[in-house]
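All chains, full assembly: derive it from the sequences and hints.
To convert, count from 1 in the sequence shown and add 122; that's my numbering.
Hints are computed from structural coordinates only; laboratory data are not their basis. Quick reminder that beta carbons are idealized off the backbone N, C-alpha and C, glycines included. Among the hints, a few may not be true.
[Said to hold, decoys possible] Restraint ranges, calculated between C-beta atoms of paired labels, are given here:
(1) 174 x 130: 18 to 24 Å
(2) 140 x 160: 23 to 29 Å
(3) 145 x 184: 35 to 41 Å
(4) 173 x 132: 37 to 43 Å
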Amino acid sequence: RITASAMHAVLATSLDSPVHSVVNRVCYPEKTFSTVQTRWGVEHEEDARKAYTEIIASNHRKLQ
123 RITASAMHAV LATSLDSPVH SVVNRVCYPE KTFSTVQTRW GVEHEEDARK
173 AYTEIIASNH RKLQ
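In structure tokens, the structure reads:
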């Protein structure tokens with residue numbers, strides 16, 4: 123699984139000589155950075171997504 127936060131690094135790395143930290147992050151996700159704050163963020167992603175959608179929907183036609 124490649125998250126949005128890792129996507130830029132994945133796209134920017136060279137296929138001929140990929141950056142090892144990018145490869146490790148994608149291939150070995152169990153070694154991810156975790157703190158109380160990041161765990162809280164992961165637990166509340168759906169709430170944040172809903173709140174964002176409500177705010178943006180008023181200025182965006184056919185928001186899905």
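Going down the list of hints, with the structure as the test:
{"no.": "1", "hint": "174 x 130: 18 to 24 Å", "result": "holds (20 Å)"}
{"no.": "2", "hint": "140 x 160: 23 to 29 Å", "result": "holds (25 Å)"}
{"no.": "3", "hint": "145 x 184: 35 to 41 Å", "result": "holds (38 Å)"}
{"no.": "4", "hint": "173 x 132: 37 to 43 Å", "result": "violated (28 Å)"}
Hint 4 from the earlier list is the only one contradicted by this structure; the remaining hints agree with it.
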